[in-house]
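J.: Sequential numbering of the sequence shown, starting at 1, is according to this note's numbering.
Hints in this document: simulated from the structure, not taken from any laboratory.
Here the structure is a predicted model, which means the values were calculated and not measured.
Heads up, a few of these hints could be off.
What the hints assert, rightly or not - Restraint-style ranges between C-beta atoms, simulated for each label pair:
id	residue 1	residue 2	range
1	Lys325	Gly406	14 to 24 Å
2	Val56	Ser14	17 to 27 Å
3	His53	Asp252	56 to 66 Å
4	Glu309	Val371	21 to 31 Å
5	Gly344	Val261	30 to 40 Å
6	Met167	Pro576	51 to 61 Å
7	Arg561	Ser224	17 to 27 Å
8	Arg332	Lys165	49 to 59 Å
9	Val261	Lys545	47 to 57 Å
10	Pro168	Leu602	14 to 24 Å
Glycine is no exception: its CB is placed at the ideal position from the N, C-alpha and C atoms.
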Amino acid sequence: MDNLLKELTDLLLSDGEFASDGSILKNKLIEAVFASEVSILKILLNSETLKSHFFVEVEGTLIFDKIKFQEFVTNKEFLPDSFTAFENRIGLTAGDSYLSQANEVVLSWPYKDCILEGGMLKTEQKREEIFWNTNLSPENITRLFEPKALIGWEYWDKDAISKGKAMPVERLCLNDNLLIKGNNLLALYSLKTRYAGRIKLIYIDPPYNTGSDTFKYNDRFNHSAWLTFMRNRLEIAKELLSPTGTIFVNLDDNEAHYCKVLMDEIFGRQNFIANIIWQKRYSPDSRIGISDAHEHILCYSLDPGHFGENRNLLELTENQTKQFKNSDNDPRGPWKANDFTAAGYRPNQMYEITLPSGRVVVPPQGRCWRVTKAGFEAFKADNKMYYGPKGDGVPAVKRFLTEMEGMVPWTWWPHNEVGHSQEAKNESQALFDGEYVFDTAKPERLIQRIIHIATNPGEIVLDFFSGSGTTAAVAQKMKRTWIAVEQLDYVVDLPGERLKKVIAGEQGGISKSENWTGGGSFVFAKLAQHNDLFAKRVTTAKDSKELLEIWSEMQATGYLRYDIQLNEFVTEEFLPLPLAEQKQILLDTLDANHLYVNLNSLGDQTLTIDENDLKLTLEFYGITE
1 MDNLLKELTD
11 LLLSDGEFAS
21 DGSILKNKLI
31 EAVFASEVSI
41 LKILLNSETL
51 KSHFFVEVEG
61 TLIFDKIKFQ
71 EFVTNKEFLP
81 DSFTAFENRI
91 GLTAGDSYLS
101 QANEVVLSWP
111 YKDCILEGGM
121 LKTEQKREEI
131 FWNTNLSPEN
141 ITRLFEPKAL
151 IGWEYWDKDA
161 ISKGKAMPVE
171 RLCLNDNLLI
181 KGNNLLALYS
191 LKTRYAGRIK
201 LIYIDPPYNT
211 GSDTFKYNDR
221 FNHSAWLTFM
231 RNRLEIAKEL
241 LSPTGTIFVN
251 LDDNEAHYCK
261 VLMDEIFGRQ
271 NFIANIIWQK
281 RYSPDSRIGI
291 SDAHEHILCY
301 SLDPGHFGEN
311 RNLLELTENQ
321 TKQFKNSDND
331 PRGPWKANDF
341 TAAGYRPNQM
351 YEITLPSGRV
361 VVPPQGRCWR
371 VTKAGFEAFK
381 ADNKMYYGPK
391 GDGVPAVKRF
401 LTEMEGMVPW
411 TWWPHNEVGH
421 SQEAKNESQA
431 LFDGEYVFDT
441 AKPERLIQRI
451 IHIATNPGEI
461 VLDFFSGSGT
471 TAAVAQKMKR
481 TWIAVEQLDY
491 VVDLPGERLK
501 KVIAGEQGGI
511 SKSENWTGGG
521 SFVFAKLAQH
531 NDLFAKRVTT
541 AKDSKELLEI
551 WSEMQATGYL
561 RYDIQLNEFV
571 TEEFLPLPLA
581 EQKQILLDTL
591 DANHLYVNLN
601 SLGDQTLTID
611 ENDLKLTLEF
621 YGITE
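Construct the entire structure; sequences and hints are all you get.
T.: The structure is reproduced here in structure tokens:
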């Protein structure tokens, strides 16, 4: 094989036709072979070794084995620095073959999960992410997404808040407001049993993948990892939506367009509703070349027809209301003139109209009147026609303010209507005694509009990137049922405390416009951690002694990878290693499928689950003992 490769390479380099600057022109070579060009045949026939290998003699005639030669030169050992095997044939290989030609290879979408760690204060440095990146078999993937046990159940209402102590959860209802702490991907799969097909609206504000957030989400994914991260979550989110449900995803320019393509694939391009442009700034940033002023909110509905017919209209703004006047003192109140023409040609809507001035008019070219002659006469008799202040203008029809049910939403949402980033910061500061705590919080008015358009009171709203808890707070004030998921440790201190303030009757944000005086309740629970607790302890360990203590516990009660050989762990070899390397070794032994406690593992004697937590977990999943 090696001799054959060398001889062929030497011949091609010496000939010159298929070489340039000491490199073989592989594409040209392949094309010449495909065309059975004389020049390449002569080269091969000049070598007895090559001739015997690539030609077959049939009754005195040499036949070139084109397929054999093709396979030989496409072998990656031949010209390994070549970018492609063929000009029009680029792909992955396993050994000497393309994956498409290999029966033993299965391509599947890799599951990457991220344990996003963070803190609450701006002064904290962004910590490195514990990034579980494991290729899993279908069986392992199934186990990873099994429902998880829920612990630490708490019930909060006005009475509990006034006493500063949570009440026990007596029973669970589908209309409970629910705050869950835990990995949001696993939480979504845990919600599936109870809420599949029940969620009316999903709104999420995921990490923007900018690398510049001051808050401590790890916002430094590369594009492919971020899209994988989003894909895993959006796929299960779709299963939670009701048949007429809607999803809104808030992003900036960094990933919005990539996410649009991803959501087209998951939700169907035909189910795309709109790309809403939210004006997040009211003044430009002079420090950059072109200041960004907006963010994108991608909207999809599983039933666009139903959404178009049933979405709620928006209230008229003050500026819109001012457009209605009553210049003729019509007893029906303020009105504005609407166009009396329609596009197209309809013979029964083509007629002459005599204006009060005596001038006769017909529809402009390419248009017709909006109603028939009989309809026009009815409008005229009802004093609904308007011809300008002098009675000589183009016919218009009066639209009274009292007839306006609302305005159809459109894709431009200016800051004066739905708030801006500074408004969101001010709301956060007011809630937390002047301490600004969340860089990417959204104004309550923005979330109010989304919830108003897509839902009615009592319907369920889900936000699985809860952040500061704005979605849940607004949903509470608007009398919607809500579910919020957050995996960072501040979930109790930030959204939890914010929601307690909402129930107590705080008057920030949209409270006044919604006549909010407080009330309601929410249930808090967290996914029961197992290996994830070990991972966090390993990551924060201060020295090798502490790591060895953790390692001892991991062997006794942790779930370790099946391929780990415990007898190969030698303390004498472990201790001289740098602390960071020691930590990585222990992290690598953990089975990433058991970061949290699976529902079907509750019988494991190594797990200690409180009796009430067990009871409520079973009730949550509809399991009767």
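J.: Give a verdict on every hint.
T.: Results of checking the hints against the structure:
1. Lys325 / Gly406: 14 to 24 Å: At 20 Å between Cβs, range holds.
2. Val56 / Ser14: 17 to 27 Å: holds (26 Å)
3. His53 / Asp252: 56 to 66 Å: Roughly 59 Å apart at Cβ, these two residues keep to the hinted range, so it holds.
4. Glu309 / Val371: 21 to 31 Å: Holds - the Cβ-Cβ distance for Glu309 and Val371, about 23 Å, lies within 21 to 31 Å.
5. Gly344 / Val261: 30 to 40 Å: With a Cβ separation near 36 Å, Gly344 and Val261 satisfy 30 to 40 Å, so the hint holds.
6. Met167 / Pro576: 51 to 61 Å: holds (53 Å)
7. Arg561 / Ser224: 17 to 27 Å: holds (25 Å)
8. Arg332 / Lys165: 49 to 59 Å: holds (58 Å)
9. Val261 / Lys545: 47 to 57 Å: holds (51 Å)
10. Pro168 / Leu602: 14 to 24 Å: holds (20 Å)
Checked against the numbered hints above, the structure breaks none of them.
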